[in-house]
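Q: So the sequence lines, in the order shown, correspond to chains A and B. Take the first sequence: its letter number 190 is residue 189 in numbering that gives the first Met the number 0, and every next letter is one higher. Take the second sequence: its letter number 27 is residue 26 in numbering that gives the first Met the number 0, and every next letter is one higher.
Check before you lean on any hint, since a few could be wrong.
Claimed, not checked - Simulated restraints, written as ranges between beta carbons of each label pair:
1) Pro111/A / Lys26/B: 46 to 54 Å
2) Asp226/A / Glu84/B: 53 to 61 Å
3) Pro189/A / Gly9/B: 40 to 48 Å
4) Glu387/A / Glu48/B: 49 to 57 Å
Stated by the list, open to error - Under 10 Å between C-beta atoms, here's a sample of chain B residues computed to sit facing chain A:
5) Met0
6) Gly2
7) Ser23
8) Leu28
What the hints assert, rightly or not - Subject to a maximum C-alpha distance of 30 Å in a straight line, what follows is the list of computed DSS-like cross-link-like pairs (lysine-lysine):
9) Lys285/A / Lys274/A
10) Lys385/A / Lys81/B
11) Lys380/A / Lys39/B
Quick caveat, the hints were computed from the structure, so don't treat them as lab data. Don't be surprised by glycine CBs; every beta carbon is placed ideally from N, CA and C.
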Amino acid sequence: MRQFIEGSFAVAEAVKLCKPGVISAYPITPQTHIVERLADFVASGELNAQFVNVESEHSAASVVLGAVATGVRVFTATSSQGLIYMSEVLFNIAGMRLPVVMVCANRALSAPINIWNDQQDAVSLRDSGWIQLYAENNQEAFDYTLQAYKIAENHKIMLPVMMNMDGFILTHGMETVDVSEQELIDKFLPPYQAPYKLDIENPMSFGLLGDPSLYLETRYALQKTLDDTLALIPQVGKEFASIFGRNGLDLVESYCLDDAKIAIVSMGSVCGTIKDYIDQERAKGKPIGLLKIISFRPFPKEAIFNALKNMSKVLVLDKSISLGNEGPLYTEVKSLFANKKPKINGFVAGLGGRDITLQTIKDMVAIGKKSDTRCEFLGLKEGLLKEEFYVS
Amino acid sequence: MFGPLVGKPGSSKNNKTGSWRSFSKPKFLQKECIACGLCKLICPEGCIEGKEKNTYRSDYLYCKGCGLCAYICPKKDIQMIKEQE
């Protein structure tokens with residue numbers, strides 16, 4: 000049924016339809032509405048799950064780690080400082096090969112305190128072994144959440160998935176979302192069958208010491224499995240499409256790229272703004288297109304290379320920065336084209352919720368056409384920058 | 000190089016958090032008020048003023064509409080009303 004709802008509620012509906020047995024979370028803006036709504040569902044009896052209130056995100060992640068290890072489907076959600084506070088546990092969840100699904104409402108990191116959107120939180124955890132998906136709109140947030148379980152719980156994968164949606168822009172933005180019927184979800188996503196679990200009849204331990212004689216192999220296995228996930232993601236997307244009748248997951252999405260000379264590369268909700276910009280330019284006959292990265296981890300090298308190899312210029316727009324280097328997505332896209340054409344250009348914008356408007360995209364393309372850039376900040380207010388320490 | 004790192008004391012007043020409000024805001028009926036001051040104490044924004052009975056009010060420039068004042072009021076003399084009212 001189509002509903003006009005905010006992104007947080009769309010995700011809560013998706014999670015309810017996946018019937019998790021345990022949910023644990025700690026409130027943090029702009030994620031809170033997701034678990035508030037889930038708590039409502041549990042309280043009203045619409046969702047038969049245990050909702051565990053905890054004192055911190057570290058504990059929320061620990062609760063879902065323990066719960067999923069017993070063979071039950073779990074959910075948690077967080078944002079920004081909460082995600083960073085969870086990070087110790089997140090590496091453990093991946094290392095123990097446990098299929099947790101988490102939604103991250105992307106938000107800037109302190110200091111200064113900033114509750115608004117960028118993607119620094121999730122991008123900072125790209126090396127954790129989690130699969131990372133980025134939604135552009137609320138329908139994708141709903142759909143990707145369903146498909147996240149299907150990927151995570153695949154017995155050949157058994158890895159956690161972080162479904163990312165831009166804070167406020169999606170979590171608090173109202174859109175029409177096709178909230179699918181339970182019947183279809185059940186057809187797509189059967190109950191979780193754990194290939195291994197904590198069971199008193201058949202005792203087992205998780206997260207034991209892995210000394211130098213075997214740690215390296217656990218990392219190699221993670222790396223190989225994430226490579227395998229590259230093949231699984233489009234496969235799950237196709238199965239989703241055949242059941243639900245709308246586009247499923249893919250590694251990347253190409254928009255007007257076939258005959259394009261200039262390609263913009265980005266991820267998340269800003270891709271909607273970029274598509275509007277491209278529509279305007281296309282109406283004027285300009286050969287420009289967009290490559291939207293959906294799966295940031297695993298990083299779809301081949302799909303990206305093939306999509307961009309015939310471009311004359313590529314502009315990568317990051318909503319995060321690896322301080323001391325450059326935008327992380329730029330680094331990774333550039334690495335695919337070492338000593339090869341096209342020239343890859345890097346831009347950083349939208350940090351801490353600074354709006355990325357059509358004008359921002361226009362400015363980026365104008366700069367990119369004129370010069371080669373590596374880490375060009377868009378929309379900088381020079382007047383706020385001083386060489387010396389000062390009190391504003 | 001330094002950006003806008005340090006603010007002078009009181010600079011948080013520049014953030015007009017009232018714009019964060021969605022759906023509802025508190026209405027102080029000023030009829031049954033006993034001046035217990037609970038609304039003023041519980042307000043996370045510190046934007047409720049008042050001393051005598053039936054004088055308490057919220058500064059909508061800063062009120063985020065959380066509803067805690069209406070929740071805590073023992074005389075139910077604060078109501079959450081729609082933003083447009």
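Q: Using the C-beta atoms of Glu387/A and Glu48/B, is the stated range 49 to 57 Å upheld?
A: 40 Å, violated
Q: Please work out if Lys385/A and Lys81/B have their alpha carbons no farther apart than 30 Å.
A: Cα-Cα ~44 Å, so violated.
Q: Are Ser23/B and chain A close enough, Cβ to Cβ, to be under 10 Å, as the hint says?
A: Status violated, d = 15 Å.
Q: Given Met0/B as an interface hint, is the shortest Cβ-Cβ distance to chain A below 10 Å?
A: 6 Å, holds
Q: With a cut-off of 30 Å on the C-alpha distance, tell me whether Lys285/A and Lys274/A pass.
A: Since the Cα atoms of Lys285/A and Lys274/A sit roughly 13 Å apart, the hinted pair holds (cutoff 30 Å).
Q: For the restraint on Leu28/B, tell me whether the closest CB of chain A is nearer than 10 Å.
A: 28 Å, violated
Q: Verify the CB-CB distance for Pro189/A and Gly9/B against the hinted window 40 to 48 Å.
A: 58 Å, violated
Q: Holds or violated: is there a CB of chain A closer than 10 Å to the CB of Gly2/B?
A: Holds, because the Cβ-Cβ distance from Gly2/B to chain A comes to roughly 6 Å (cut-off 10 Å).
Q: For the hint 46 to 54 Å, verify it against the beta carbon of Pro111/A and that of Lys26/B.
A: 34 Å, violated
Q: So does Asp226/A sit 53 to 61 Å from Glu84/B, Cβ to Cβ?
A: Holds, since Asp226/A and Glu84/B (Cβ atoms, about 58 Å apart) stay within the stated range.
Q: Does the alpha-carbon distance linking Lys380/A and Lys39/B stay inside the 30 Å limit?
A: Violated - the C-alpha atoms of Lys39/B and Lys380/A are around 38 Å apart, more than 30 Å.
Checked against the numbered hints listed earlier, the structure breaks hints 1, 3, 4, 7, 8, 10, 11; every other hint is satisfied.
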